[in-house]
Amino acid sequence: MTSPTTPNTPPKNHGQATLADGPVFETKIEQVGEHEMILNMGPQHPSTHGVLRVVLKLDGEVITEAVPDVGYLHRGLEKLSENRTYPMNIVLSDRNDYLSAMNNNWAFCLAVEKLLKVEIPSRAEFIRVIVGELNRIASHMVFYGTYGIDLGAFTPFLYSFGRDREEILDLFEEICGARITYNFIRVGGVMLDAPEGWIERVKAFVDRMAPRLVEYDKLLTLNPIFIDRNLGIGRLPAEKALALGLTGPNLRASGPALDLRKDHPYSVYKEFHFDVPVGKGGGDCYDRFMVRRQEITESLKIVRQACEKIPSGPVMGKVGRVYRPPAGEVFAQLEAPRGWLGSYLVSDGTERPYRHHIRAPSFINLQALSDLVKGLKVADTVAVLGSLDFVLGEVDR
Amino acid sequence: MFPVNLVIEISQRIHRVTLPGEKPNYVRDPESFLTVLPSNLHDVCLALREFPDYLFDLPLQMTAVDFINEKVFELVYYLYSSKLRQGIIVKTQVPRTAPEIESVSDIWPGMDWQEREVYDLFGVKFRNHPNLKRIMMWEGFSGHPLRKDYVHQTDKYDSGLEIGTPGLDERGVPIP
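In order, the protein sequences belong to chains A and B.
For what it's worth, the numbering used here labels the leading residue of the first sequence as 1, then goes sequentially.
For what it's worth, the numbering used here labels the leading residue of the second sequence as 1, then goes sequentially.
The set of hints was computed from the structure by calculation and includes no laboratory data.
Bear in mind the structure is a predicted one, so any value in this text is a computation, not a measurement.
Just so it is clear, CB atoms sit at the ideal spot from N, CA and C, and this is done for glycine as well.
Heads up, a few of these hints could be off.
To be verified - One side only, chain B facing chain A, incomplete, derived with CB under 10 Å:
hint: 1; residue: R28
hint: 2; residue: L58
hint: 3; residue: Q114
hint: 4; residue: N131
Unchecked claim - Listed next, the in silico DSS-like pairs over lysine-lysine satisfying Cα-Cα at most 27 Å (straight line):
hint: 5; chain 1: A; residue 1: K240; chain 2: B; residue 2: K91
hint: 6; chain 1: A; residue 1: K270; chain 2: B; residue 2: K83
hint: 7; chain 1: A; residue 1: K262; chain 2: A; residue 2: K203
hint: 8; chain 1: B; residue 1: K133; chain 2: A; residue 2: K240
Whenever a hint applies, use it, and build me the whole structure from the sequences.
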């Protein structure tokens, strides 16, 4: 905590450049009222899940203003993209949202496939759905565990992160050799066919998960302290959520049942039956938690159906090792665990993209933060931050 | 997802909108798009947001492309209507020499950070933006990295293997 003066801005400029644009959060003593103070949260703070800095202006314990400061993890992925060939770019997309790297591979491949107009073999589409949904489950398990920790419940983390997510990562390791950054979904299909018995092991995992979800609910969902910390905190009306550009579970928690898998089915999602959970409590933190918790159930349903329907055949379409997509521009998007993940590609006919923009859902979702925490207590900031479930790798790119 | 009829209908209703000409051998989304003059962008966006038939209430994304040969920045806005369950692309071009355009963050607050990002990485200025500051690069950084004519400034972290020239240490010796 600092006294009501200018906060000590960490020098991001390595001390050589001049301050052309001024500090991101400018606070003069006149602006801070008699009972107000400035609290700097982050960039190194356990509850910000990475390097996010939020400057809070407080009146007693109540937040009157919150300014998020992002960019600490900016690696210039879009600039790097322009200097790398298309297959190299799939590797970069892993580093974007590292908790759902499969979906990031997939989004980029969808865009390139739109340019190249390749046919994807049916078996490859099913494997994509299986790994994509397993990755969604793994990502929501991280959310489930860390959100509990944020609010003071350590035990659920050991179950979801320590036990169940590990099993998914083991399945991924078996199919592609990597546990976090996969580079598995390739333009035209997938890298490798599933090894023998893998589909059965996925089925066995889905069967194991059903009773474990009951455990999850006993541990956290129905915990009275947890409910008290969540109900009515950080309400976001549907209209406002839409205007802020929110997508994914954060938007569905506020009411609108927008899901790309239902509204604009890509891949083979038309063939599966599943529900789209929406929030019923006006978009508070508990809704955002519940939507993700229920999505685990729905994703398990999809994985089970995909395992039963998966056909045999090749897993790679007719794509050369070196390819030059024709000139053009495409935008492809899919429903990632954090929202609508888009890839906007402009090609000039060479083997490198002319421009590659990533529509990162976390980046756009994070804009809701300053509105949400206004008027809340400091301790509730942690709940709101956790419930938005962003990944800083994707925010800063 | 993006029906052509809708675009024609909008272009008839909003007279300042022109339909783009077709380019041969150019792959484009099946989705249709509108091209507007930069001076009309704000009005068109407001109409797309407010017309009860469209209600493009979800600002999906906005970004820019640097077409250095044509000497323009192309700004691309993807909008989505939660009522119609369909989207639309609005495009406009600003000259590279004086890139400036009206901000639409008053229509959709979700465009706020995205416009800041375009300002940061391309140097396009957005008029009436509430807080037009760099968002990705640090304050005091000079230049706009995603411009095609941006020259990489070497520092001590450059290996010299891929892009740029070898970095030099304090004594002027290249760092291997």
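Now the hints, each set against the structure:
Contact between R28 of chain B and chain A, as hinted, is supported at the beta carbon level, the nearest pair being about 6 Å apart and thus within 10 Å. Interface hint at L58 of chain B: satisfied, since its Cβ lies 5 Å from the closest Cβ of chain A, which is below the 10 Å cut-off. The interface hint given for Q114 of chain B is met, as the beta carbon of that residue sits about 7 Å from the closest beta carbon of chain A, less than 10 Å. Against a cut-off of 10 Å between C-beta atoms, the interface hint on N131 of chain B holds, since the closest Cβ of chain A lies about 9 Å away.
This hinted pair checks out: K240 of chain A and K91 of chain B have alpha carbons roughly 25 Å apart, not beyond 27 Å. At most 27 Å may separate the alpha-carbon atoms for a hinted pair to count; K270 of chain A and K83 of chain B meet this at roughly 21 Å. For the proposed pair K262 of chain A and K203 of chain A, the alpha carbon gap of about 24 Å is at most 27 Å, so the pair holds. Annotation: proposed proximity of K133 of chain B to K240 of chain A holds, straight-line Cα distance about 24 Å (limit 27 Å).
In the structure shown, no violation is registered for any of the earlier numbered hints.
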